[in-house]
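There are 2 protein chains.
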Amino acid sequence: MADKILSISRRTHATPFTRRVEAAGVKGYTVYNHMLLPTFFDSNEADYWSLCQDVQVWDVSCERQIEVCGPDSERLIQLMTPRDISRAVIGQGLYAPLCDEHGAIINDPILIKFASDHWWISIADSDVDLWARGLAQGYGLEVKIREAKIWPLAVQGPKAETLVSRVFGDEVPGIRFFRSKMLEFCGAEMMVMRSGYSKQGGFEIYLNDPDLAESLWDELFAQGEDLNVRAGGPNLIERIESGLLSYGNDMDSSHNPFECGLDAFIDLDAEIESMSLPALRKLKDSSQHLLVGLVFNEAMSFDDFSVTVDDRIVGDIRSQVWSPRYQKHLAMVMMKRDFLSLNSNVSINAKIGNIADLPFDFNALR
Amino acid sequence: MADKILSISRRTHATPFTRRVEAAGVKGYTVYNHMLLPTFFDSNEADYWSLCQDVQVWDVSCERQIEVCGPDSERLIQLMTPRDISRAVIGQGLYAPLCDEHGAIINDPILIKFASDHWWISIADSDVDLWARGLAQGYGLEVKIREAKIWPLAVQGPKAETLVSRVFGDEVPGIRFFRSKMLEFCGAEMMVMRSGYSKQGGFEIYLNDPDLAESLWDELFAQGEDLNVRAGGPNLIERIESGLLSYGNDMDSSHNPFECGLDAFIDLDAEIESMSLPALRKLKDSSQHLLVGLVFNEAMSFDDFSVTVDDRIVGDIRSQVWSPRYQKHLAMVMMKRDFLSLNSNVSINAKIGNIADLPFDFNALR
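Sequence lines, in order, name chains A and B.
Going by our numbering, the letters in the first sequence line up with residues 3 to 368, in that order.
Going by our numbering, the letters in the second sequence line up with residues 3 to 368, in that order.
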């Protein structure tokens, strides 16, 4: 398909950073949580190398924060996730699939606890606020649910710690992975977490004052000039090489967490009130699919996303990209489990590929 | 802002019609309910004249149908809407705002009743299925909720009845507005309703077999050649001229239906169990805003969407477009009600505009 224009309207919300993103020469967007998410500035590949070698600033305002406050907050959030949240630490980010009463994945957010009666759900692309509101209303819970006035800005890449330290000070290097500190910028305190949707290292700054957006952006670029700082966004090449899942792409509400390799985030034996646990206990050993990697030694162009063995359809390509670093075509595929034990060669468009575990182990693939 | 590319992925779902849409030369998309919605093929203005003079075929698969089945279906749907649905007729479409317990608008779908235990919610752009699932779970209702395997195709324009009759037969002209019939195409029965997101007249065909999508598209184009049939999509010029609301643009969950002029769809006095009615009864005479029209005699280019009087901000432009037919710049504005009684001249960027009722009355404006 040739490139198409995105028709932008109020419904595809701009962010407090959009003017700077535009000035930085953004070429593509996607729409994520009803908001503009920049996808590339130079090209996917040039952006990839910049991310892996230097440092990038990403407008990820679309990572909306669903704020849940009130005495029943923790109960509501525990109902929504099969991960035991009882030992969450204040200021910690917790990757936690949200699952419904059938065990289906509704979203895979980061949960952030500020107090037992004050949480953020940092969501992937689905209207989790509506689900939470429906549950709260139906169960009669005492909570307030709103989309918080927060616009995250990610700083990602090997030089991210240097850059964020220059702007937010000496406490930055001491922040551990998925932990945060409240740090000051222009007199305002905002949360800075070591996190982000890449495996190149970095931070997410939870901007809480839209009037500071452009100053923050400008300061990062001024302080990062010698670090080759660039504008960027979640990069398809890097995220697939790194095996980072994308809700809506690799899995959706037709899948359960065991099909996505998320077993580690499901506390099947916990004595918690989580609406999906009864279903998940039954699904544990009976789910039919598994998300795996698929590797081709040449660049592929797909007309058909079905993966076959002996003309039987055994899997479905969910995401895929050419890796310039490894010179392989990488895909994430929802495969029938039955097949996985039998064979590791499959074909697509008559080309032979190899099944691989996720995340990809490139030492083994060489 | 210069045009930007839409980065398309599995998450921005293609539809069964996408190959034909692409072959027809689509130039722009938006993302609506996580799905591609074609926005223009030639230009907004050329598409507008084609829609108003001839007939267009629109891929509106993104009008997802949330199917609610089971003994508590009608109860759940009535909980979600303040419109009394008790007298809905089988096969009828019912425009019905969905509102939460605070009276906020969650969506403004068309409800379609097949039986008291079988409904479709034909949704605007928000994940209503999640809200419905949360409510059903919390209230313990006996319902099944799923996104139905339905991909609506709209045929719109003054020649739409002729074209749809050629493809679906003699029963088509007898279908009244927002009523439907089950009609046959290639041996499959599908719902054909007189409806659609324009005021040029037309039908929506609720395709229920994706394998027939391209045959249906091709048949409409083959039978419509002498009618100048073209591919199109919801047209910004036509929908604003016609005063059709767009959820997410003109209003969102920060508004109540009285602010959007939807009073006629709220049955304040009905003895029904609808979760928003208590709040709406209080809001009826106290809502602070009203969505109105705004008319300028010259084309405008906005940097700032604030509407002012004497340097006070009194309104917020939600949608706007140049009307080539009326040679006016038209906007839909969420205005402070206090101001509306005082004056009908406002300014934006130092240009003077006139407040108008919605839908616009172009005879009065001339």
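Misleading hints may appear alongside valid ones.
Below, a list of computed lysine to any residue pairs in the SDA-like style, where the Cα atoms sit at most 20 Å apart [to be verified]: (1) B/6 / A/7; (2) B/29 / A/7; (3) A/6 / B/35; (4) A/6 / B/146; (5) A/151 / B/115; (6) A/6 / B/354; (7) B/146 / B/77; (8) A/6 / B/5; (9) A/6 / B/328; (10) B/286 / B/265; (11) A/6 / B/20; (12) A/146 / B/35; (13) B/338 / B/354; (14) B/115 / B/210; (15) A/284 / A/250; (16) A/146 / B/5; (17) B/151 / A/215; (18) B/146 / A/140; (19) A/29 / B/210; (20) A/146 / B/173; (21) B/146 / A/256; (22) A/29 / B/141; (23) B/151 / A/140; (24) B/146 / B/168; (25) A/6 / B/22; (26) B/151 / B/20; (27) B/6 / A/35; (28) A/151 / B/254.
Residues of chain B clear of chain A, computed beta-carbon distances all greater than 12 Å [claimed, not checked]: (29) 56; (30) 93; (31) 102; (32) 189.
What the hints contain is simulated information worked out from the structure, not anything from laboratory work.
Just so you know, even glycine gets a beta-carbon here, dropped at the ideal spot from N, CA and C.
Hints and how they fare:
Pair hint residue 6 of chain B plus residue 7 of chain A holds up; C-alpha atoms about 6 Å apart against a cutoff of 20 Å. With a C-alpha separation of about 6 Å, the suggested pairing of residue 29 of chain B with residue 7 of chain A holds against the 20 Å cut-off. Between residue 6 of chain A and residue 35 of chain B, the direct Cα distance comes to roughly 18 Å. Compliance with the 20 Å bound is thereby established for this hinted pair. Between the alpha carbons of residue 6 of chain A and residue 146 of chain B the distance comes to roughly 37 Å, so the proposed pair goes past 20 Å and is violated.
Note on residue 151 of chain A and residue 115 of chain B: the hinted pairing is violated, with a Cα-Cα distance of about 38 Å set against a maximum of 20 Å. The hinted pair formed by residue 6 of chain A and residue 354 of chain B fails the criterion: a straight-line CA distance of about 36 Å is larger than 20 Å. Between the alpha carbons of residue 146 of chain B and residue 77 of chain B the distance comes to roughly 13 Å, so the proposed pair stays at or under 20 Å and holds. Proposed proximity of residue 6 of chain A and residue 5 of chain B is supported: the alpha carbons are some 9 Å apart, at most 20 Å.
A C-alpha spacing of about 30 Å is found between residue 6 of chain A and residue 328 of chain B, which places the hinted pair above 20 Å, so the restraint is violated. Proximity of residue 286 of chain B to residue 265 of chain B is assessed by CA-CA distance (about 9 Å); at most 20 Å being required, the pair is judged to hold. Proposed proximity of residue 6 of chain A and residue 20 of chain B is supported: the alpha carbons are some 13 Å apart, at most 20 Å. Among the hinted pairs, residue 146 of chain A with residue 35 of chain B is inconsistent with the structure: their alpha-carbon atoms are about 25 Å apart, more than 20 Å.
Restraint check: the Cα-Cα separation between residue 338 of chain B and residue 354 of chain B comes to about 17 Å, which is no more than 20 Å; the hinted pair holds. For a cut-off of 20 Å, the pair hint linking residue 115 of chain B to residue 210 of chain B stands: about 17 Å separates their Cα positions. For the hint pairing residue 284 of chain A with residue 250 of chain A, the CA-to-CA distance comes to about 24 Å; that exceeds 20 Å, so the pair is violated. For the hint linking residue 146 of chain A to residue 5 of chain B, the alpha-carbon distance of about 39 Å lies beyond 20 Å, and the restraint is violated.
Of the pairs offered as hints, the one joining residue 151 of chain B and residue 215 of chain A is violated, with about 42 Å between alpha carbons and a cut-off of 20 Å exceeded. Between residue 146 of chain B and residue 140 of chain A the alpha-carbon distance is near 16 Å, which keeps this suggested pair within the 20 Å criterion. Between residue 29 of chain A and residue 210 of chain B the alpha-carbon distance is near 37 Å, which puts this suggested pair outside the 20 Å criterion. The hinted pair formed by residue 146 of chain A and residue 173 of chain B fails the criterion: a straight-line CA distance of about 51 Å is larger than 20 Å.
Simply put, residue 146 of chain B and residue 256 of chain A have alpha-carbon atoms about 15 Å apart, close enough for the 20 Å limit, and the pair holds. For the hint linking residue 29 of chain A to residue 141 of chain B, the alpha-carbon distance of about 46 Å lies beyond 20 Å, and the restraint is violated. As the CA atoms of residue 151 of chain B and residue 140 of chain A are separated by approximately 27 Å, the hinted pair breaks the 20 Å bound. With a CA separation close to 37 Å, the supplied pair residue 146 of chain B and residue 168 of chain B exceeds the 20 Å bound.
In summary, the hint linking residue 6 of chain A to residue 22 of chain B is supported, as the alpha carbons are separated by about 15 Å, within the 20 Å threshold. Distance hint between residue 151 of chain B and residue 20 of chain B is fulfilled; the C-alpha atoms sit about 16 Å from each other, no more than 20 Å. Note on residue 6 of chain B and residue 35 of chain A: the hinted pairing holds, with a Cα-Cα distance of about 18 Å set against a maximum of 20 Å. For the proposed pair residue 151 of chain A and residue 254 of chain B, the alpha carbon gap of about 16 Å is at most 20 Å, so the pair holds.
The claim that residue 56 of chain B is not at the interface with chain A holds, since no C-beta of that chain comes within 12 Å of its own (minimum 22 Å). The Cβ of residue 93 of chain B lies farther than 12 Å from every Cβ of chain A, with a closest approach of about 28 Å, so its non-interface assignment holds. Distance check for residue 102 of chain B against chain A: the nearest CB is about 6 Å away, which does not clear 12 Å, and the non-interface claim fails. With a least CB separation of 25 Å from chain A, residue 189 of chain B remains clear of the 12 Å interface cut-off, as annotated.
Of the numbered hints given earlier, the model fails hints 4, 5, 6, 9, 12, 15, 16, 17, 19, 20, 22, 23, 24 and 31; all others are met.
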